[in-house]
Amino acid sequence: MWDTIIITPFINFLLWIYSLIGNFGLAIIIFTVVTRVILYPLTAKQIKSSQAMQELTKNKRYIEIQEKYKGDKEKLAQEQMKLYQEMKISPFSSCLPTLLQFPIIIGLYQALIQVLASAPLDMLKLTRHMYPALLKVADLLPLNSKFLWMDMGMPERVFIPGLSFGIPVLAIIVVITTYISTKIITPPSTPGSTDQSAMMTNMMNIYMPLLMGWMAWTLSSGLALYFVVQNLIQITQYAATGRVYWNNLLPKSKQQPVTKQTAKKP
Amino acid sequence: MKNKILPLLSALLLAGIFLSACTGAGSTASSWSGVTMAENAIYFAGATQVFSLRPDNGNIIWTYPEKGAATRLFLAAPTVAGDQVIAGDYAGGLVSLNPSNGSENWTFAEAKGKYVGSALATDSMIIVPNADNHLYALDMQGKLKWKFAATHAFWSQPVTDGKLVFASSLDHYLYALDLQTGTLAWKADLGATLVSSPLLDSGVLYQGSIDGTMNAVDAASGKVKWTQKLEGGIWSTPVISEGKIFFGDQKTKVYILDTANGAIDQTIDVGTAIIGRGVLIKEGIAFGTESGELVLIGLDGKKLWSRTIGGKIYSNLVSDGTLLLVPETQGDKPLVALDTNGTEVWYFAGK
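Top to bottom, those sequences are chains L and G. Numbering-wise, the first sequence is residues 1 to 266 according to this note's numbering. Numbering-wise, the second sequence is residues 267 to 617 according to this note's numbering.
In short, the hints are calculated from the structure, not lab data. Built from N, CA and C at the ideal position, the CB exists for glycine as well. Some hints here could point you the wrong way.
To be verified - Below 20 Å or equal to it, Euclidean Cα-Cα: the simulated PhoX-like pairs (lysine-lysine) are:
| # | chain 1 | residue 1 | chain 2 | residue 2 |
| --- | --- | --- | --- | --- |
| 1 | G | K517 | L | K125 |
| 2 | G | K517 | L | K136 |
| 3 | G | K378 | L | K146 |
| 4 | L | K125 | G | K378 |
| 5 | G | K517 | G | K578 |
| 6 | L | K136 | G | K495 |
Claimed, not checked - Only some residues are given here: those of chain L computed to face chain G with a beta carbon under 10 Å:
| # | residue |
| --- | --- |
| 7 | L20 |
| 8 | A52 |
| 9 | A119 |
| 10 | L121 |
| 11 | M123 |
| 12 | L124 |
| 13 | R128 |
| 14 | A133 |
| 15 | V137 |
| 16 | P142 |
| 17 | N144 |
| 18 | V158 |
Start from the sequences, fold in the hints, and give me the full structure.
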C-alpha cells in the first residue's frame, strides 16, 4: 500500500526527470524543488500557525496565566485553551501540516534510496517499481550517479593531498544550512529569560543540524544533496514570509532585546 | 526541564535510526549469499562471515573473520583457487584464505567498490570483478598484474576460454580481454544492463540482460549471432544441456531455447520469479524461486517436482551430483542441503 501510493510514484517521477536530463544530481535537485513547491500550501499554513503561536507567547494575558497557574498544570491548560479559543488560534494547526508532510518526506527519502540501487537486491526492487509504460529499464539502467565530484550512491568526501582522511564537504553544508533554517525562525529570547520552550528550541537548534550532518556524513551523497536543497528551499520559504531573524546568526544577537527591527514584518 | 529534553532527544535519535534503517546501509538484505562446493568443504558467504562447512552434516570447520561485522559483508560466492579460497566483501576488501583453517594468506585492497560477483581462478591467475567499474587480474600471491576499466560496475563472475577472459558489466557491454595482458579484444553492446555471467560453450557466449533479452555472441569476434526477447528480466546464467539452454526470468517463466538459433523450445510457468542460476542434476534442472520453492524441470520441459524450502531463493544453486545446496534469502535457514530427490539432508542456521 505504502509502496503503491507513495514510493512507486516518487521513484517513477524521479527517474522520469532523470530520463529527460540525464544527470542524476540535477534530477534530485529538480525533484526536491518540485515536491517542495507542491507541498507549499501545507508549509505556508504551518509557518503562519507557528508565527501566531510565537506572537501569543508575548501576549500580556498569556504571560499572566503562566505566572498565575504555575503550580496548577490542569488549570493552566484550561486557561490556555480558553485564550486560544478567544484569539482563534488552534495549537494543533501548526503541527498538523507537519504531520501530513512527514509521510511524504519519508516517502521521498525512501524513493531516493531505492533509486540509488547499488546492490543486486536493490536493483531488482527498483526494476519492479518502474512503470513500463513510462520508463524503459534498458534505457535507464544503470543510472549515471556522478554529479560534480560526487557519486550520488556513495558518502561524499573530498580528499586533499597530504591529508589521510577525506573532508565531508556536503555534510558540513548540511549542518550549516540546517542550522540556518532552524535558527532564523527562532525569535530571540529576552535576556535573563528562563523560558523552558526557548531552552528546548535552543537544544533543537543544536541537535537537529548535528543529526542531519551525521546522516549526510554516513549515508549516500544523493541524500545529502536532497537535505541541502530542502534546507535552502525552506530558508527561502521562511524568508518569503518576511518574518525571519537573521540577527540570530550573529554572535551578539542573543544579547539584543526583541524589537521590531530584528523581526521583519511583511 | 530534564523531563522535556529526554523525549526530544529520544525523538531525534529515533528519527535518525528510522531514516538510517530506510537505507539498508549495513543490511544483509542488499543482496543474496553465494556458496561454493569443493571436494572436502563447502564455502558459504553468509553475510558477515565466510563459513567453511562439512559437506556431510553442515558443521562449521572454520569461520572468517572470527567475529563478523555489519560493515564487512561477504555475499559473493567464494572461489577455490588451487590451495586458496578467495573471498571479496562489500567494503572493497579481497582476501585469500587457507582452506584448512581459514587463516589469511594475503589481502588485496586496491578496489574501491563492492565485490558482488565471484572471482575467476585459472592455473596462475585470479580475475576479480568489482563494482568500482574495474576488473582486476592478480597473480596467485595477490599482486596486481593488470586491471581493466569499464564505464560501470562488474557484478558477475567472468569466464575464460584460456586465451580471453569474458566479463559482463552493468554498462550494457560484454567485454573480451586478453587473459595475460588485459588488452581489450572486443566489446559487444547488448543493449541493457548485464548482471549475470555469460555461459561459454563451444565458442559461443550466452548472455541474458535485465530487459529480458537472451543473446548469443561469438566468443572469437564478439558478433551477436542471435537474440531472443523474452517477458521478464534475466538475472542468471543459463544452464546448457543437449543443445538447449535453460534459464528463468524475473516474471514467472523458465525458458528453454535452442542454442542454434535462439528459438523458444519450451516455456514453463512456475508462477514466481527465478533470479538465480539453476543446476543440472540427474533428472533435470533444479531452479530456486522467489516464493521459496525448489522446482525440478525435466530436460523435456516437464515440471517433475517442487519442494518448499521456506525463504526466498535468489542465489545460484550448486550441486556436486549428490548434494544440492540452496542458499535462502530472508529465511530461517541461510543454507539448505538436499539430496537430488529434493529431500533435506541438513541445513545451516548460521553461527
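Structure-based check of each hint:
1. K517/G / K125/L: holds (13 Å)
2. K517/G / K136/L: holds (16 Å)
3. K378/G / K146/L: Judged against 20 Å, a Cα distance of about 15 Å means the pair holds.
4. K125/L / K378/G: violated (24 Å)
5. K517/G / K578/G: Distance of about 15 Å is within 20 Å: holds.
6. K136/L / K495/G: holds (14 Å)
7. L20: This interface hint is violated because 20 Å lies over the 10 Å limit.
8. A52: Result: violated, 22 Å to nearest chain G Cβ.
9. A119: holds (4 Å)
10. L121: Cβ of L121/L sits 5 Å from chain G, so the hint holds.
11. M123: holds (7 Å)
12. L124: Result: holds, 7 Å to nearest chain G Cβ.
13. R128: At about 8 Å, which falls below the 10 Å cut-off, the nearest Cβ of chain G leaves the hint on R128/L intact, so it holds.
14. A133: Status violated, d = 15 Å.
15. V137: It holds, given that the least Cβ distance between V137/L and chain G is near 5 Å, below 10 Å.
16. P142: holds (4 Å)
17. N144: holds (9 Å)
18. V158: Nearest chain G Cβ about 15 Å off; hint violated.
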